[in-house]
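Undergrad: Heads up: the protein sequence lines correspond to chains A and B, in order.
Count along the first sequence from 1, add 11, and you get the number used in the working numbering.
Count along the second sequence from 1, add 11, and you get the number used in the working numbering.
It is worth saying that the hints were derived from the structure and are not from the lab.
Do not take every clue at face value.
Since the list gives no way to pick one copy over another, a pair counts as held whenever it fits inside one copy or between any two copies.
Unchecked claim - List time: in silico SDA-like cross-link candidates among lysine to any residue, alpha-carbon distance up to 20 angstroms:
no., residue 1, residue 2
1, Lys69, Arg27
2, Lys177, Val118
3, Lys69, Trp107
4, Lys69, Gly56
5, Lys69, Ala132
6, Lys177, Glu188
7, Lys177, Val137
Number of protein chains: 2
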Amino acid sequence: MSGRPKGRRPGSSGAREQILRAARDTFAELGYDRASMRLVASRAGVDPALIHHYFGTKEGLLQASLRLPFDPEELFAGITPGQAGEQIVRRILTVWEENPAARQQYVALMRTALSNEQAAAIMRTVLAGAALHVLESIVSDRTAPLRAALIGTQLGGLTLGRYVIKVPAIADASVEELVAAVGPAVQHYVDGPVVAG
Amino acid sequence: MSGRPKGRRPGSSGAREQILRAARDTFAELGYDRASMRLVASRAGVDPALIHHYFGTKEGLLQASLRLPFDPEELFAGITPGQAGEQIVRRILTVWEENPAARQQYVALMRTALSNEQAAAIMRTVLAGAALHVLESIVSDRTAPLRAALIGTQLGGLTLGRYVIKVPAIADASVEELVAAVGPAVQHYVDGPVVAG
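Isolated chain A (complex conformation) (with noise of 0.2 angstroms):
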């Protein structure tokens, strides 16, 4: 604990969000590249040293600021695979409209991810990671990387159109009206004809 600040300060849990958020604001800024973990550090209101006994090295902090701001396993479960479209695109707008704040991360997320190949790197492996959960308990052949992957490109950019660009037909339509529209493109991915190569 030797990097940890004394007195009352945020509790490590606290300072460590605080990291988090001025990190996922600095990449999304800045790039990874012209990030650094002073500037992170001085954002935060902590020591440096703070950042380097939680995340060692800024690529550590940039895997952990690039998490998905929500548990793909926990809003996934039980999911029943006719109904799997629907109540994929449900969960999933439902927690976009519920919480601002992951929208604003989501927005940092693929910022950085599009400033940087190594940002761009993990991610890819957040968002496979991610879908191949939902899928894990419905499909299980050597199509589900795909049908998993197809469906994170929808999902993408549903909530890229209806969250970060407005696009005004998506923006203004209920969740209800996205779900009868795109609940069925992505049952389609989850059990229509996929070939993979």
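Starting from the known structure of chain A, fit chain B onto it as the hints suggest.
TA: Showing chain B alone in chain A's frame:
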């Protein structure tokens, strides 16, 4: 033509393209707010007056630099309603496959749109217009804007996943595998049940 430099310089369309390339890189790297006309001029190797001559204000430059790297009207000419899903996916992917410059431009465009509300607003208009072009020969009722936007979310997510984030199952698939897998989902947005609110 007052701002036009004399002598043997790149022709007007050459200089214009050079400015747009420098603008895209600069907006993507620094975001709209921190990118200056002076820096874009210096990177393009032209006099700042030439940028004002071609594009007027910084916002005019942003608008011109956010054009899609293809002409949607041309790209989607002669789509047949019953095969629209597969045709649209095949044509979009073919543009990206054959044109690495278009891919880079797309990344820059997404990064800029994610960095600034003004840039997002322009991208919104550009994307909505492009998507409507695709559909106008096929659907013309009041569901058309939502259908077009839904197709946009799927194509945007697919191209991001394949060319930018490079999610393995999507990046490794052949164009025809993706056409077969994603075509039916896009076809659903063209003629499946969709309720516009």
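Undergrad: Does each hint fit the structure? Answer for all of them.
TA: Verification of the hints:
In this assembly of identical chains, the alpha carbons of Lys69 and Arg27 lie at most 20 angstroms apart only when taken from the same copy (14 angstroms versus 39 angstroms across copies). Taking the shortest alpha-carbon separations for Lys177 and Val118, both the intra-copy value of 12 angstroms and the inter-copy value of 18 angstroms come in at or below 20 angstroms. Proximity of Lys69 and Trp107 under a CA criterion of 20 angstroms is satisfied in neither setting, with 28 angstroms inside one chain copy and 33 angstroms between copies. With identical chains, the CA atoms of Lys69 and Gly56 are at most 20 angstroms apart within one copy only, with a shortest distance of 17 angstroms there and 35 angstroms across copies.
Proximity of Lys69 and Ala132 under a CA criterion of 20 angstroms is satisfied intra-copy only: 15 angstroms inside one chain copy versus 33 angstroms between copies. For the homomeric pair Lys177 and Glu188, the shortest alpha-carbon distance inside one copy (16 angstroms) is at most 20 angstroms, but the shortest distance between copies (30 angstroms) is not. Taking the shortest alpha-carbon separations for Lys177 and Val137, only the inter-copy value of 12 angstroms comes in at or below 20 angstroms, while the best intra-copy value is 24 angstroms.
In summary, the structure is inconsistent with hint 3 from the numbered list given earlier, while agreeing with all the others.
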